[in-house]
Amino acid sequence: MQKWIYIIILLTGYSIKSYPQETINLNIPVEQNWMFDNEHPVRFMLELTSAQSGFSDRIRMDIATDFGNAVSSTFITYSFGTDSIAPGGGFRSRASVTLTNLTPGFYQACFIAGTDTLKHFFFGYEAEQILSKPDGLPNLKRFWNKTITELKRVQPVYKMTRLPESSKPERDVYEVEMCSLEGEILRGYWAVPTDGQSHPAVVVYQGYDAVTWIPGPDNYPGWCILVIPPRGQGLNKPYNRFGEWIAFGLDSPKHYYYRGAFADTVRSIDFIFAQPCFDGQNLFATGISQGGALTLAAASLDHRISAAAPIVPFLSDYPDYFRLVHWPASLVFEGAARQNIDKDKIFSLLTYFDLKNLTGWIKCPVLMGFGLQDNITPPHTNFAAYNHIRTPKRWICYPTSGHFAAYENMDSWIAESTRFFNQYVVW
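Residue numbering for the sequence shown is 1 to 427, as defined by my numbering.
Keep in mind that the hints are not guaranteed to be accurate.
Said to hold, decoys possible - Each computed EDC-like pair below joins lysine to aspartate or glutamate, with the alpha-carbon atoms no more than 16 Å apart:
hint, residue 1, residue 2
1, Lys237, Asp209
2, Lys345, Asp251
3, Lys237, Glu175
4, Lys159, Glu177
5, Lys152, Glu175
6, Lys133, Glu334
7, Lys159, Glu175
8, Lys237, Glu177
9, Lys393, Glu128
10, Lys146, Glu182
11, Lys343, Asp320
12, Lys345, Asp135
13, Lys159, Glu170
Source of the hints: derived by calculation from the structure; they are not laboratory data.
Could you put the whole structure together from the sequences, leaning on the hints where they help?
Take a look at the structure:
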């Protein structure tokens, strides 16, 4: 595919003389959050600085897809004239690079001087036009309907134990238990306002092997909060019978770990609706990474959720996901090898738990956050699920963050997701 690259270089006087590349610094300011589209073409402003002047050289710009397929390679000449003084000292050279004729997807840009990589980052183009074709089998809906029917036959047997040391005047905190699919006991923390009134609630689903945290006074003040991990993780880890969760039960969709874990999200919603402090209609869901995946799974399988806000969601488009990054594919394939299960069967099984096959069922609004530099749940996989959502939706990009986007931007993410939830509160 031919790519046309237009380069505008602002030059001052110079002489042709090469200097060691370590004397060069490159800065590329973030524009458009590095998420471009047809109305906002891909453009990078290069700012090179050096302590020395009177020389010129060139750097190479390599563009590749997020899968590593080469797209283009171009040399960019820079010059440091004696009068190109930078405001902070030293000397400056600038260049503007524009890319056209890209297809929807995520790309990586690499700027190389000699043998040194000066800058490497990912950017997106028309991300909402990326097509990750659903590959769910004909019995997918029936499989999940049967699973939820089976869950309904399990008596939840809710238990609550108040935690005096974690409770505050404005909100009591409880450790709670509930019985889920196949009799698995789930444990989490439930925080309840002490005013005796009914309130909105938010359920926070947890990441892979995350520590279960106790809600504090500043976490969704005035609301009920349930922080809950799936089976075998977090508070449930002392009772883990699954080993490496993502590799458990690979022989059958009915035995696979995430069948139970997805059902656990529905049981957590059952718990909230059974509590008198909940107002009975304003339930919101959020979570990071695996918690983001469970948020989308919950919204897909249970339409009692009013709005959902996953960030860096896990578990979507497994065929592409496992090509893009080493983990968690390595865990799955190692588990399959131990059980003599071939890859075709593995990918067939995973279609039942691939969020790109489920999110078309969502009925509530969705806000998705993602880290553009994420190499654990890459943006391609986030949008594989997002692009099949048919309800009102929007996304927030953290352009310089990776998988820890939520933690690096926690205050802004909480503020943004809370504003989003408040748009859909019914009083």
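Status of the hints after comparison with the structure:
1. The hinted pair formed by Lys237 and Asp209 meets the criterion: a straight-line CA distance of about 8 Å does not exceed 16 Å.
2. Between Lys345 and Asp251 the alpha-carbon distance is near 8 Å, which keeps this suggested pair within the 16 Å criterion.
3. The straight-line distance between the Cα atoms of Lys237 and Glu175 is roughly 15 Å, inside the 16 Å bound, and the hint therefore holds.
4. Between the alpha carbons of Lys159 and Glu177 the distance comes to roughly 5 Å, so the proposed pair stays at or under 16 Å and holds.
5. This hinted pair does not check out: Lys152 and Glu175 have alpha carbons roughly 23 Å apart, beyond 16 Å.
6. Proximity of Lys133 to Glu334 is assessed by CA-CA distance (about 26 Å); at most 16 Å being required, the pair is judged violated.
7. At most 16 Å may separate the alpha-carbon atoms for a hinted pair to count; Lys159 and Glu175 meet this at roughly 8 Å.
8. As the CA atoms of Lys237 and Glu177 are separated by approximately 14 Å, the hinted pair is consistent with the 16 Å bound.
9. Annotation: proposed proximity of Lys393 to Glu128 holds, straight-line Cα distance about 11 Å (limit 16 Å).
10. A threshold of 16 Å between alpha carbons decides the hint, and for Lys146 with Glu182 the separation of about 13 Å falls inside it, so the pair holds.
11. Note on Lys343 and Asp320: the hinted pairing holds, with a Cα-Cα distance of about 14 Å set against a maximum of 16 Å.
12. Taken as a hint, the Lys345 and Asp135 pair is honoured in the structure, with Cα atoms around 13 Å apart against an allowance of 16 Å.
13. Note on Lys159 and Glu170: the hinted pairing is violated, with a Cα-Cα distance of about 22 Å set against a maximum of 16 Å.
Of the numbered hints stated above, those contradicted by the structure are hints 5, 6 and 13, listed in ascending order.
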